[in-house]
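Participant: Following the hints, put chain B in place on chain A, whose structure we already have.
Okay, here's what each chain looks like letter by letter:
Protein chains: 2
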Amino acid sequence: MAALSMLACFVAVLLCIRTSRTDTKEDEINPSQSTSATSQHRTDSLTILMLLGLLLLTILTVWLFKHRRFRFVHETGLSMIYGLIVGAIIRYTSKPMDVSRDYVRAKIISENHSYYTDNAPTALYVSFFARNSSADPTIRQYDLGAPVDEPITEPPLERTVTFDPEIFFNVMLPVIIFEAGYSMKRRHFFRNLGAILMYAVVGTTASCLVVGGILYGTTRLMHDITFSLNDCFYFGAVISATDPVTVLALFNDLHVDVDLYAIVFGESVLNDAVAIVLSESVEVYGELSSDSFNTEALFQSVGKFLGVFTGAFAIGSLFGLSTAFLTKFTKLKDFPLLETALFFLMSYASFQAAEAAEFTGIVAVLFCGVTQAHYTYNNLSAESKDRTKKLFELANFLAENFVFLYIGVSVFTLQPLQWHLGFILSSFLAIVVGRFINIYPLSFLLNLGRSNKIRPNFQHMMMFSGLRGAVAFALAIRNTETEAHQHMASATLMIVIVTVILCGGFTTPMLQWLQIRVGVEEDAPGQMNQLASVRNQGGGENGQQPGSTPSEKAWLVAKWYNFDTIVMKPLLTNHRPTLIETLPKCCLPIAKIFTTEEQLTQGLGGPTDHDSDTDMIIDENQLSIGGMSDHSQLDQASVSPNHQTGRKEPLQFDDGDLGQFEADDKPLTP
Amino acid sequence: MAALSMLACFVAVLLCIRTSRTDTKEDEINPSQSTSATSQHRTDSLTILMLLGLLLLTILTVWLFKHRRFRFVHETGLSMIYGLIVGAIIRYTSKPMDVSRDYVRAKIISENHSYYTDNAPTALYVSFFARNSSADPTIRQYDLGAPVDEPITEPPLERTVTFDPEIFFNVMLPVIIFEAGYSMKRRHFFRNLGAILMYAVVGTTASCLVVGGILYGTTRLMHDITFSLNDCFYFGAVISATDPVTVLALFNDLHVDVDLYAIVFGESVLNDAVAIVLSESVEVYGELSSDSFNTEALFQSVGKFLGVFTGAFAIGSLFGLSTAFLTKFTKLKDFPLLETALFFLMSYASFQAAEAAEFTGIVAVLFCGVTQAHYTYNNLSAESKDRTKKLFELANFLAENFVFLYIGVSVFTLQPLQWHLGFILSSFLAIVVGRFINIYPLSFLLNLGRSNKIRPNFQHMMMFSGLRGAVAFALAIRNTETEAHQHMASATLMIVIVTVILCGGFTTPMLQWLQIRVGVEEDAPGQMNQLASVRNQGGGENGQQPGSTPSEKAWLVAKWYNFDTIVMKPLLTNHRPTLIETLPKCCLPIAKIFTTEEQLTQGLGGPTDHDSDTDMIIDENQLSIGGMSDHSQLDQASVSPNHQTGRKEPLQFDDGDLGQFEADDKPLTP
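Protein chains in written order, with UniProt numbering: chain A, 1 to 670; chain B, 1 to 670.
What you were told as hints is all true, and nothing was included just to trick you.
Below, a list of computed lysine to any residue pairs in the SDA-like style, where the Cα atoms sit at most 20 Å apart:
(1) B:Lys-453 <-> B:Phe-436
(2) B:Lys-333 <-> A:Arg-68
(3) B:Lys-331 <-> A:Arg-69
(4) A:Lys-304 <-> A:Gly-286
(5) B:Lys-333 <-> A:Leu-64
(6) B:Lys-592 <-> B:Ile-580
(7) A:Lys-331 <-> B:Thr-61
(8) B:Lys-333 <-> A:Thr-61
(9) A:Lys-453 <-> A:Val-202
(10) B:Lys-333 <-> A:Phe-70
(11) A:Lys-304 <-> A:Val-202
(12) B:Lys-331 <-> A:Phe-65
(13) A:Lys-304 <-> A:Leu-209
(14) A:Lys-331 <-> B:Leu-57
(15) A:Lys-453 <-> A:Leu-442
(16) A:Lys-331 <-> B:Arg-69
(17) B:Lys-333 <-> A:Leu-391
(18) A:Lys-331 <-> B:Phe-65
(19) B:Lys-453 <-> B:Gln-515
(20) B:Lys-559 <-> B:Leu-579
(21) B:Lys-331 <-> A:Arg-68
(22) A:Lys-304 <-> B:His-41
(23) A:Lys-331 <-> B:Arg-68
(24) B:Lys-559 <-> B:Glu-581
(25) A:Lys-304 <-> B:Arg-42
(26) B:Lys-333 <-> B:Thr-595
(27) B:Lys-304 <-> A:His-41
(28) B:Lys-585 <-> B:Met-568
(29) A:Lys-331 <-> B:Leu-64
(30) B:Lys-331 <-> A:Leu-64
What the hints contain is simulated information worked out from the structure, not anything from laboratory work. The structure presented is a predicted model; accordingly, all values stated were derived computationally and were not measured.
Chain A extracted, bound-state conformation:
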């Protein structure tokens, strides 16, 4: 009933928009600046209202599905479908309208002579002359921004529904990506770090090259569209960003195998960062070389890739570490609201700082999120832990649904788009091949060194779960200036829609068909024992990280863990062991400065090996509302105590995994 009444309201809003547009038309007969501004404002409000209505409808439908235990469509898919329907309605019911009369046609001229330019101007100075007077004109400045770039007969409503892609980059994506980083504090993530880095960095680059290559080949065969080599690799980078949202929500729901979960999750989050930086590097290459191969440009773009990635990593981590430092050494904890505000502002500042330094804000925010989760979270008061979790969870939910809703609407309203069936089909082919090259050969290589092999059914599932989502869409619509980019945007739209609906919908049957076990509790005793036995088997340094490749990688990871345990965590968090315990005696004066009283009185009652990765930022059941639903219905009891534990013992510390390192470190402690 509620959903029905909601639907009625929604239809009313849509009717309102139609009426409002008729009003606008009447206004035009008597053109007046303030009237047209008012009616524009009204249309904007109605558009936002429509999107809000769609979001509300999605929420109610999702609730209905969950309530009836109908698990075929995920909420993001649903948002997209609603968006598609409304986009189609807007597109096919609106008649082209004349442009409002008080728009002024202008030809750009300079002071005295006509001035023809092919650079878009960034500001306009208009001289206003007083009527029947020879007084000096008043000059007013207008900011121009990017051209709206539309045929004049286009219906205004479509234009208002299409909004600035920069909103995705500056508001929606940072939220989604930060949340992904903040929820990455998972033991299984770090256990599979080697594999994840391999898939995300090497795999994504390979996928970019393969997709670019295939499309370069196929577009040579199509004579009606022109794609440069650079365009092809740009598209390869854009479309290689896989989406962490939909499949993982279902994995959560079904409690799929934890290693599979960690690998798919880690890969899809990190490869967004890789794809964003890759696409920027390809652009740099394109600017430097003009369609012929250019070694210098290649090195410069590789340099750009490394520079931007390192820079963003450094800035993101720096802001995260500063927050940890501030929360440890001030008693900000006494005022949880101030603490949460600090946390929020520092995280957002990492984004803006990276943008100001001309690195990529989104990548910085990802690493800032990881650092905040790994260090700062341990210092926060119980209230701030709870508040930050809930705040980012809600923001992420809204941003995600908004993005997918907007993807749906865009299919019909985004201008300019070019549709070419051949190109779209060949890009489908290309991403399948690209994904294949990413998964199977790399898995083979990884398995050579892994004691805990990535089984074939896991590989098939990873192949299947390479759907594209928000990041690919945002990258594709960011630049639609050339015809090639307009083709890319339409192909990306189709790929996102098809993969989200198909792969999202068939995840459950696929898991059954591949016989991947579900219903695994992360910390089930059996699992733990199995884990312990794997650990005990590993003797030397190589064996310590059963989930990563041996040789250099494992050694590097082990060294880092060592450093993290001895220096970073004692320095940056309020937990035992303190620096006094971990550093050699000669460093005692320095160690004392960086050890707080709280840290000394902490955890004296018992052993400090309680693993706070079980007290994850985003519990397994909270990553998506999908998971939450089941818990709140099925085992509410098991969630609440967990929650309570989090509140009563907020000062847990994750070194359960690091037990073996601590044993190694014993000689170092006093």
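Facilitator: Relative to chain A, chain B alone:
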């Protein structure tokens, strides 16, 4: 130490901005579209970073003050002072720069002949001609928006720091005002409803007229500035909005007398709404009459006032009631994230709906907040109650501090401003007289009918606490087109700064000097007994509401409470009594439809007269971090159990105050 290191970072950012500006200058030598866009983006990021840095600095300083128990400066005052300092640095260290070369000067011409316009254009079509070719030019559309309207030699940094006032109206103010409405669920507020409405509606209108009148008189004496009668009343409306933030934070801190608190709080929140609508009505009057008195225009503007107020009230309440309805009749409660998202989206939709219907969004959002608190809050799951509280608390904290920071920066960077000492001084005189007329005569009238008199020392305190803040500032900078409006903006800025710093700083001494008792616990037994005895004294209908005027008002309020208890609350919330119990027997079938099972099984264990106004949305100690600080330090124990109670008994119901009505209603219930 932390604050020091923060300061170092901040200086680094400021230096960066200066460097970046030098970079921009260098870029100009080689003008290029993409370079200038990049450097603009970089300057924007640096500006945001600077504001974030200031906010962080404010947070750390506030923490330091609280930590050292230094209570003279409130955080909003502090934000403002930091803003002033940085604004001054920006203003007096930056040299005027030439405009970037790739700006294009244009004269508006139509197809064939020059076209002089005094209406600002809303869009620009630029013809791009291919060089050395006779092909048709490409026409691209640019949206113009409002003119930036600045002398060309102004330094660009000042322009970027000055951002669109519409952000205040569409982002910051809705948050602040919604939070005010959402925290209004206070018994003492409703007990003093009559007085609050009197001060807010009658008082604000009187203040607007008095201020307008005085300024009309004084501006006749100043020959160097021109103010129309309409300008004067517009300023009267703008400057009559008092600010709820600063004084109330201190009242909270000190646990000042609850009735005084309720009256000051209620007045300052409601009068924002009144002032906003008043200023719009004055604008309507100005458009219709041209500076001579016009009866028709007067009636139309009064009609506009009533229409907008009623419309906004209706839309806000409607959205609030719909949310209550949805949360009661769906089991959305099982999925707290969905529930919170619904709550958030419905509240924001009320803003956009009112804007689309051409009422005032901010007023709608206020009433939406009140309705959400009064009905919806009771239906929410414990988790959503907690989450919505924390979300809006944080958003409010950030918005408030941002606004006051920005007020500080604006003094030096807002362009265009006109400064006139005589006008500023006379406006100070006018607001003091206006406040005097608002408080004393109305208090006298109110006391005629109140059994619980508003004592003279309360009246003096109300007089003193009429500081101006965010709303007045936002209204004043919204329109700075004419010279008169530029004078208003500068006068408003000065009034805001002086009243926030002076009145904010001297609240504590003033309370002592006026011998107003502090340290009052809202539900202290003595207080309750006193309350009860006042109640028992009142015999007839007039006596039932000791805190409001008798005769019609009390009767109306009583009738509303009656209706609320018998129909609205049973219909819209999940609490006892149900409609089955409150409605007459003939309505039983309807009553059954609107009664949920949860409602029937609810509260059978005990009496339902537990007063949930003690479980307020924003507890006394949460309205500002000021209050929270004391609690978390002094009586943490007393906060935690409260919190726990909220979680364990989330389904309380506020009818403690309505006991006497229920007694009256007995004959109606089956």
